[in-house]
Amino acid sequence: MPTGEVVAGYGFPADASSPLSDGQRRELSRIVQRARMISGYCFGVFVGPLPEGRVSAVVHHRSLPDPRSAVLVAVDPAARAIEIVLGSTVAIDLSTRSCELAALSMKSAFAADDLVNGLRDGVTLLAEHARHPKVLHLDDTA
Amino acid sequence: MTALQALLVFVGIPVALAVVTFGLVSASGWTRSGRASADYAAGPFLVASDAAVPNPSIVPSDNPDAAVAGGGVSAHW
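Residue numbers (my numbering), protein chains in the order written: chain A, 2 to 143; chain B, 6 to 82.
It is possible that part of the hints are untrue.
[What the hints assert, rightly or not] Restraint-style ranges between C-beta atoms, simulated for each label pair:
1. A:Gly-24 to B:Asp-55: 20 to 30 Å
2. B:Ala-56 to A:His-138: 30 to 40 Å
3. A:Gly-54 to B:Val-25: 17 to 27 Å
4. B:Leu-29 to A:Leu-105: 39 to 49 Å
5. B:Phe-27 to A:Ala-79: 26 to 36 Å
6. A:Arg-27 to B:Ala-8: 51 to 61 Å
7. B:Phe-27 to A:Ala-80: 55 to 65 Å
8. A:Val-56 to B:Pro-19: 47 to 57 Å
[What the hints assert, rightly or not] Sample of chain B residues lacking proximity to chain A, with all beta carbon distances greater than 12 Å (derived):
9. Thr-7
10. Val-14
11. Ile-18
12. Ala-21
13. Gly-28
14. Phe-50
15. Leu-51
16. Val-52
17. Ala-56
18. Val-58
19. Asn-60
20. Ala-74
21. Gly-75
22. Val-78
None of these hints come from the bench; they were simulated from the model.
Virtual Cβ for every residue (Gly too), placed ideally from N, Cα, C.
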């Protein structure tokens, strides 16, 4: 299975100053790639400062490949903030209620200082809720 | 039972248990995985999966200025 791509311009994975271990970085790559396999949408995870809150998260969302069909989960551990940004196409399949549920799931894990597992639970939940039902002929492999 | 044995039994063992318990409780904070509130400013990162699978049921927008972000939520913990 291919691993997630690191978006250019960010410290991962070459930046050794990141507090996450190599294993945790690989785990995050697997998480986003698995979410993409589940839902078909592009998933991204950002961990770092969000000085302008949601505005900063939207800027990072635009750096994802095909942002209209992408979901970004951004976490600022210092500010204890979570931002989930949906592309306009993803918003058709993924409701605000599902995002709130994912945020609640992550909040409970983050409160226990479990960053990676919280992201895994939240991203997986979003991917499962974003999975659109199969459409006759359109989803046939021919 | 001598005085030394009594001291070891009634003071030494409880103190040793307290030290072990404190160590086990604090252990998660000593490991990297247990530190979620560390300073991430030095190494922000963004990891993304491959691009989305093409969905023929979605009509692509002709308007490049149309909103890219279409929803989501904000939360704090």
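So, going through the hints one by one against the coordinates:
1. A:Gly-24 to B:Asp-55: 20 to 30 Å: 22 Å, holds
2. B:Ala-56 to A:His-138: 30 to 40 Å: 23 Å, violated
3. A:Gly-54 to B:Val-25: 17 to 27 Å: Taking Cβ atoms as reference, Gly-54 (chain A) and Val-25 (chain B) lie about 44 Å apart, which means the hint is violated.
4. B:Leu-29 to A:Leu-105: 39 to 49 Å: 29 Å, violated
5. B:Phe-27 to A:Ala-79: 26 to 36 Å: Hint holds: Cβ distance 28 Å, inside 26 to 36 Å.
6. A:Arg-27 to B:Ala-8: 51 to 61 Å: Given about 58 Å between the Cβ atoms, the range holds.
7. B:Phe-27 to A:Ala-80: 55 to 65 Å: 31 Å, violated
8. A:Val-56 to B:Pro-19: 47 to 57 Å: 55 Å, holds
9. Thr-7: Holds, because the least Cβ-Cβ distance between Thr-7 (chain B) and chain A comes to about 47 Å, which exceeds 12 Å.
10. Val-14: Label holds. Min Cβ-Cβ 37 Å, cutoff 12 Å.
11. Ile-18: With a cut-off of 12 Å, Ile-18 (chain B) remains clear of chain A, as the shortest Cβ separation is near 31 Å.
12. Ala-21: Given that every Cβ of chain A is farther than 12 Å from that of Ala-21 (chain B), nearest at about 28 Å, it holds.
13. Gly-28: Non-interface label on Gly-28 (chain B) holds, nearest chain A Cβ at 18 Å vs cutoff 12 Å.
14. Phe-50: With a cut-off of 12 Å, Phe-50 (chain B) comes too close to chain A, as the shortest Cβ separation is near 3 Å.
15. Leu-51: Answer for Leu-51 (chain B): violated, closest chain A Cβ roughly 4 Å.
16. Val-52: Nearest chain A Cβ is 5 Å from Val-52 (chain B), so the label is violated.
17. Ala-56: 4 Å, violated
18. Val-58: Incorrect as stated: the minimum Cβ-Cβ distance to chain A is 4 Å, not above 12 Å.
19. Asn-60: 7 Å, violated
20. Ala-74: 5 Å, violated
21. Gly-75: 3 Å, violated
22. Val-78: 4 Å, violated
Of the numbered hints given earlier, the model fails hints 2, 3, 4, 7, 14, 15, 16, 17, 18, 19, 20, 21 and 22; all others are met.
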